[in-house]
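Trainee: Letter by letter, the chains look like this.
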Amino acid sequence: MIRELPDAHNLLETALTSLRADLLPQLPDHARYTGLMVANALSIVLRDLRADTARAEMAKEIFALTGQADTTTLCQSILAGDFDAPARDAALRQSLLAITRARLSINNPKALG
Amino acid sequence: MSDPLSPEQLQLLSSWLAVQAGASAVAVDHVRRLSGGAISVNLAMDLDIAGGPMAGRHACVFRSGAASGVSASLSKAQEAAVLRAAFDAGVTAPQPLFVEGDGGLLGVPFYIMRRATGVAAGYRLVKAAPSPALARELGQQLGRLHAIRRGAAGLDFLPLPANSIIDDCLDAYRGWLGDAVGTDPVLAYGLRWLDRRRPVTGELVLSHRDYRTGNYMVDEGRLTAIIDWEFAGWSDPMEDIGWFCAACWRFGRRDREAGGIGDRADFYAGYEEASGRRIDHKAVGWWEVMAHLRWAAIAAQQAMRHVSGAEPSLELALTGRMLPEITYDMLREIDRMEGAA
Numbered sequence: 000m001i002r003e004l005p006d007a008h009n010l011l012e013t014a015l016t017s018l019r020a021d022l023l024p025q026l027p028d029h030a031r032y033t034g035l036m037v038a039n040a041l042s043i044v045l046r047d048l049r050a051d052t053a054r055a056e057m058a059k060e061i062f063a064l065t066g067q068a069d070t071t072t073l074c075q076s077i078l079a080g081d082f083d084a085p086a087r088d089a090a091l092r093q094s095l096l097a098i099t100r101a102r103l104s105i106n107n108p109k110a111l112g
Numbered sequence: 000m001s002d003p004l005s006p007e008q009l010q011l012l013s014s015w016l017a018v019q020a021g022a023s024a025v026a027v028d029h030v031r032r033l034s035g036g037a038i039s040v041n042l043a044m045d046l047d048i049a050g051g052p053m054a055g056r057h058a059c060v061f062r063s064g065a066a067s068g069v070s071a072s073l074s075k076a077q078e079a080a081v082l083r084a085a086f087d088a089g090v091t092a093p094q095p096l097f098v099e100g101d102g103g104l105l106g107v108p109f110y111i112m113r114r115a116t117g118v119a120a121g122y123r124l125v126k127a128a129p130s131p132a133l134a135r136e137l138g139q140q141l142g143r144l145h146a147i148r149r150g151a152a153g154l155d156f157l158p159l160p161a162n163s164i165i166d167d168c169l170d171a172y173r174g175w176l177g178d179a180v181g182t183d184p185v186l187a188y189g190l191r192w193l194d195r196r197r198p199v200t201g202e203l204v205l206s207h208r209d210y211r212t213g214n215y216m217v218d219e220g221r222l223t224a225i226i227d228w229e230f231a232g233w234s235d236p237m238e239d240i241g242w243f244c245a246a247c248w249r250f251g252r253r254d255r256e257a258g259g260i261g262d263r264a265d266f267y268a269g270y271e272e273a274s275g276r277r278i279d280h281k282a283v284g285w286w287e288v289m290a291h292l293r294w295a296a297i298a299a300q301q302a303m304r305h306v307s308g309a310e311p312s313l314e315l316a317l318t319g320r321m322l323p324e325i326t327y328d329m330l331r332e333i334d335r336m337e338g339a340a
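Chains as they are written, first to last, in numbering that gives the first Met the number 0: chain U, 0 to 112; chain V, 0 to 340.
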């Protein structure tokens, strides 16, 4: 496979920098909100492209809870009351907090602050 | 952008208003669009009424809705009836003046109410210094609204919960979340926790059900109007309190627990003063968890409108990516309550 340079990550990051530095300040008021939304969407994609660690963290937490990799089994167990006992409930909640922090590292790292 | 009302529609409206107001003539002018939601169209307009009991100039808002109402929201005539009940109970709600509920005149049902001055945008309101007076006032307003109970005149159309109000909420939001309940363990956990930790519920009262920063107007620090009544209905009094205080409606000012504008203690004091009802702190915490689940369910629905292709929109798409932020607040609130138990 021939390697494309720059790679997708670099290309997107460069485009985002231009958007923020050169385009957003020039936008009239009525287009500014859309401009900010575009910048936000591209930032999420950029973080999503390099989220291997966050995804591995989520997979590890989910596997530790049920011994399986899929969330469907976990959801069924939760709804069936398998985690209702206080110790299991507390452990589950800490895992779900860790999973949600991993998702936030992609979608909105500022919310982790 | 096209004119919000055609010259023919304006003529029809003006003649109809003259009859309604018992006036010799009504001039409708300065018609312009206000920021509107996805469900309703809001126009500012000035009415110049000649003759009759309402003679004079009136700054108004014209609010119309789709001919077929959106699920879970009231029709325009019903919304106007709720406004009337709230206004008569001393709530600072815009006074409804004229109602055309069947859509015969302009093709869409509408009502016209008095126009308030000021700002509603949450991100702007939280930039002001914290206001104990405003927090207290908003608590008092809610207290007055919650004095309206089942059987109140003119509100027979509001449905009563099919089961308990809690079952109705859980069933509705489970439905809105759809497949996500079976694939997102955080949402499944929220539902399970809410079901297991139900609070004692009180008497059903008239509730706004979207009472939060962003849905009231403030002019120079003073409350001028509580708006957006389309989700009003009978509910437990603590639901509105929890919705108002929920972390997801503080517009970044997490430290100001009353809607990002003030302290919870001032909001609670105003409510207790006006309603004569004690705040059930534990129940409010539970309703705050419920608030996050409800907002998550709304966000998931909005994202699906985009993802399904029904309504491609960057804004709806980004709302889908807000889910982890909403559920993070929900989990932290559960964690706080379990830690305190």
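It should be emphasised that the hints constitute simulated quantities derived from the structure, not laboratory data.
In this text the structure is predicted, and so the values were computed from the model without any measurement.
Do not rely on the hints blindly, as some may be mistaken.
[What the hints assert, rightly or not] To list a few chain V residues with every Cβ distance to chain U over 12 Å, as calculated:
(1) Y188
(2) R208
(3) P323
[Said to hold, decoys possible] With beta-carbon atoms standing in for the labels, derived distance ranges:
(4) U:H29 with V:E7: 23 to 33 Å
(5) U:T33 with V:V30: 40 to 50 Å
(6) U:V44 with V:G177: 19 to 29 Å
(7) V:D166 with U:R46: 38 to 48 Å
(8) V:A309 with U:L41: 44 to 54 Å
(9) V:G153 with U:R46: 51 to 61 Å
(10) U:A86 with V:L33: 49 to 59 Å
Glycine included, every Cβ here is placed at the ideal spot set by N, Cα and C.
Trainee: Each hint needs a verdict: does it hold in this structure or not?
Mentor: To see whether the hints hold, each was checked on the structure:
{"no.": "1", "hint": "Y188", "verdict": "5 Å, violated"}
{"no.": "2", "hint": "R208", "verdict": "26 Å, holds"}
{"no.": "3", "hint": "P323", "verdict": "4 Å, violated"}
{"no.": "4", "hint": "U:H29 with V:E7: 23 to 33 Å", "verdict": "29 Å, holds"}
{"no.": "5", "hint": "U:T33 with V:V30: 40 to 50 Å", "verdict": "26 Å, violated"}
{"no.": "6", "hint": "U:V44 with V:G177: 19 to 29 Å", "verdict": "25 Å, holds"}
{"no.": "7", "hint": "V:D166 with U:R46: 38 to 48 Å", "verdict": "39 Å, holds"}
{"no.": "8", "hint": "V:A309 with U:L41: 44 to 54 Å", "verdict": "24 Å, violated"}
{"no.": "9", "hint": "V:G153 with U:R46: 51 to 61 Å", "verdict": "52 Å, holds"}
{"no.": "10", "hint": "U:A86 with V:L33: 49 to 59 Å", "verdict": "54 Å, holds"}
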